[in-house]
Amino acid sequence: MKIVACIKRVPTTDAQAKINADGKSLDSAGFQYMTSFYDEIAVEQAIQTKEASGGDVTVLTIGPSEASKEVRECIAKGADAGIIMTDADWTGRDNLATAKVLAAKLSEMGAEIAFFGKVATDRDNSAVGPMTATKLGWACVTDVVELSIADGKGTAKRESENGVETLSFSLPAIITCDKGLNEPRYAGLKGIMAAKKKPLEEVSFEDVPNQAQVDSLELPAARKEGRIVGEGAAAVPALIDALRNEAKVL
Amino acid sequence: MNAFKALDFYALDDQFSEEERMVRDTVRSWVSERFMPLIMEHYEAGTFPMELVPELGDLGVFGSNLPEKYGCAGLSNVAYGLICQELERGDSGLRSFVSVQGSLVMWPIHEYGSEEQKLEWLPKLASGEAIGCFGLTEPDFGSNPGGMTTVAIPDGDEFVITGRKMWITNGGLSQIAVVWAKCEGVIRGFLVPTSCPGFSAPEQKHKFSLRSSVTSELVLDEVRVPKSAMLPGAKGLRGPLNCLTQARYGISWGAIGAAMAAFDEGLEYSKERIVFDKPLAAFQLPQQKLANMATDITLAQLLSLRLGRLKDQGTMTSQQVSMAKRNNVMKALEATRVVRDMLGANGISLEYQVGRHLCNLESVVTYEGTHDIHTLALGHELTGFPAYR
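Chains A and B supply the protein sequences, listed in that same order.
Heads up, the working numbering is the position in the first sequence plus 3, with the first residue counted as 1.
Heads up, the working numbering is the position in the second sequence plus 28, with the first residue counted as 1.
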């Protein structure tokens with residue numbers, strides 16, 4: 004089975020966001036990068052699918068050449084190959100443009116199943132996976148917490164606020180992965196050494212224009228300083244009053 | 029606990045290969061996620077988290093610079109050093125566990141063992157299925173191991189080994205002990221299964237240092253092993269001393285990890301702790317301490333990096349290892365003392381890391397060649413005059 008794990012290179016969670024003078028983009032100076040949290044779950048699921056059903060796993064990303072670090076880490080965990088679709092505008096490409104590029108590539112690769120994280124931890128859109136499936140006309144199950152694949156068919160469970168939904172589908176399909184689906188493994192040191200012998204290809208692609216543009220960026224408002232309303236049991240009425248009338252959480 | 033921020037003042041990241049960085053980052057994540065939540069309780073209880081041994085085996089940290097042929101990862105020596113750094117950033121006991129397994133048990137088997145011994149033991153030790161220990165030090169012979177009284181007497185197809193070893197890391201946890209004994213007056217190494225009749229490993233209790241590492245005495249009371257248990261390639265004191273050079277190499281890196289942990293904790297604490305209406309870090313004395321520590325850590329990083337590259341090219345000398353072990357461990361110990369002080373009363377609580385690192389380093393500065401013995405090794409190398417006795 005041709006299995007693909009699509010990953011996104013995102014700033015590490017401790018990155019301090021600063022807005023550039025244009026007011027529309029982030030100053031990336033000093034950023035460190037990592038594979039988006041949920042994409043690590045996607046990679047693990049791709050590897051587990053290969054281990055259970057056979058086939059090979061390719062890790063696919065759109066990004067700069069430097070994304071080789073993240074892709075190699077995924078290969079070290081057990082993927083067989085990596086492809087970086089090199090893109091100078093990788094931080095600015097919108098969801099639909101990204102989905103179009105990925106859909107064309109997945110189709111060209113002959114992918115039968117592709118795993119995405121349910122959301123990228125930088126832009127928080129949860130859009131690229133389902134949009135890619137739509138462009139390809141494939142089945143798509145999002146926010147998956149349990150999955151089995153056999154004989155060209157799959158069953159997936161997804162959790163929502165309203166309960167647990169179980170779905171069956173036929174391949175080809177796109178699965179977006181949620182926390183709880185698996186526990187991503189560490190890249191073993193032997194895997195790291197083996198990874199440098201596995202293929203990692205950089206390919207270019209025909210530019211696809213964005214259909215949505217960023218007009219402006221604003222950082223969240225600074226959190227208000229805390230206030231001590233008093234001490235001990237005597238402070239409880241004041242605390243309840245503050246929670247009810249100021250914070251409005253009661 | 030804040031997420032660990034590693035000091036890299038001289039952008040040494042650029043000096044490592046992509047694989048070396050990946051190895052370091054993997055072990056760093058593992059230590060943060062899997063080890064750090066457990067260490068305080070194990071340290072207090074005086075136990076090693078044995079439940080993590082299979083994970084360490086899966087990661088591939090045991091004997092990681094030995095060849096893949098024997099189930100090892102075949103890493104560069106710099107990558108191995110970075111592993112030691114990251115493990116000791118967690119705790120010296122963790123790094124000691126891995127150092128002993130890799131440098132003092134697997135390395136001599138690989139270097140001095142027969143092919144049968146290598147095939148029998150190295151894969152099991154690499155996976156963590158078997159744990160090993162190294163028996164050299166005796167109650168009356170530490171810095172002068174050549175005086176050892178443990179003997180191996182040939183008897184037909186067997187050797188009969190009798191003697192006592194002290195301060196043996198992992199002694200009570202091991203299935204196999206590399207025991208050094210005099211055989212017809214010559215120091216030889218033996219692979220002794222700890223299940224042999226006459227072998228026991230009582231734990232040495234009441235340590236205030238390396239509490240998460242099990243330390244034992246080894247008692248060998250007429251332990252019989254087959255002739256095939258002898259390591260054929262090691263004859264004389266050079267055999268165990270070469271093993272110690274391997275371990276000391278890793279320790280020179282490990283100490284950097286402990287110092288980086290202490291520095292990070294001291295820096296973060298001093299930025300957050302408000303005294304006289306401003307952060308501790310805004311005062312001159314803490315700044316001087318931080319500047320000194322950052323410089324010492326950077327120098328230690330440079331020393332070990334160069335040492336690792338020399339080891340990878342096969343030209344490292346034991347005296348160069350002495351310099352790095354001596355310097356890096358003492359600088360790390362001094363850093364932990366300074367940070368312990370900067371944290372005030374909090375510095376004596378196990379809720380913070382620095383007191384644990386400080387106590388651990390009091391062992392590290394003593395084991396694997398004391399600070400003073402390494403001073404004399406350097407003095408000998410520089411002047412040509414041995415001043416050990």
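For the record, the hints were derived by calculation from the structure and aren't laboratory data.
Do not rely on the hints blindly, as some may be mistaken.
[Said to hold, decoys possible] Below 25 Å or equal to it, Euclidean Cα-Cα: the simulated BS3-like pairs (lysine-lysine) are:
1) A:K5 - A:K103
2) B:K97 - A:K200
3) A:K193 - B:K152
4) A:K227 - B:K152
5) A:K227 - A:K53
6) A:K182 - A:K160
7) B:K152 - A:K72
8) A:K201 - B:K97
9) B:K299 - A:K193
10) A:K201 - A:K53
11) B:K97 - A:K199
Against the structure, the hints come out as follows:
Taking the CA atoms of K5 of chain A and K103 of chain A, the gap is near 20 Å; set against the 25 Å cutoff, the hint holds. Restraint check for K97 of chain B and K200 of chain A: the C-alpha separation of about 17 Å stays at or below 25 Å, so the hint holds. For the hint pairing K193 of chain A with K152 of chain B, the CA-to-CA distance comes to about 15 Å; that is within 25 Å, so the pair holds. In summary, the hint linking K227 of chain A to K152 of chain B is not supported, as the alpha carbons are separated by about 57 Å, beyond the 25 Å threshold.
For the hint pairing K227 of chain A with K53 of chain A, the CA-to-CA distance comes to about 50 Å; that exceeds 25 Å, so the pair is violated. Distance check on the hinted pair: K182 of chain A and K160 of chain A sit about 12 Å apart at the alpha-carbon level, within 25 Å; holds. Proposed proximity of K152 of chain B and K72 of chain A is contradicted: the alpha carbons are some 31 Å apart, above 25 Å. Of the pairs offered as hints, the one joining K201 of chain A and K97 of chain B holds, with about 19 Å between alpha carbons and a cut-off of 25 Å not exceeded.
Using a Cα cut-off of 25 Å, the hinted pair K299 of chain B and K193 of chain A is violated, with the two alpha carbons roughly 40 Å apart. Note on K201 of chain A and K53 of chain A: the hinted pairing holds, with a Cα-Cα distance of about 16 Å set against a maximum of 25 Å. Of the pairs offered as hints, the one joining K97 of chain B and K199 of chain A holds, with about 18 Å between alpha carbons and a cut-off of 25 Å not exceeded.
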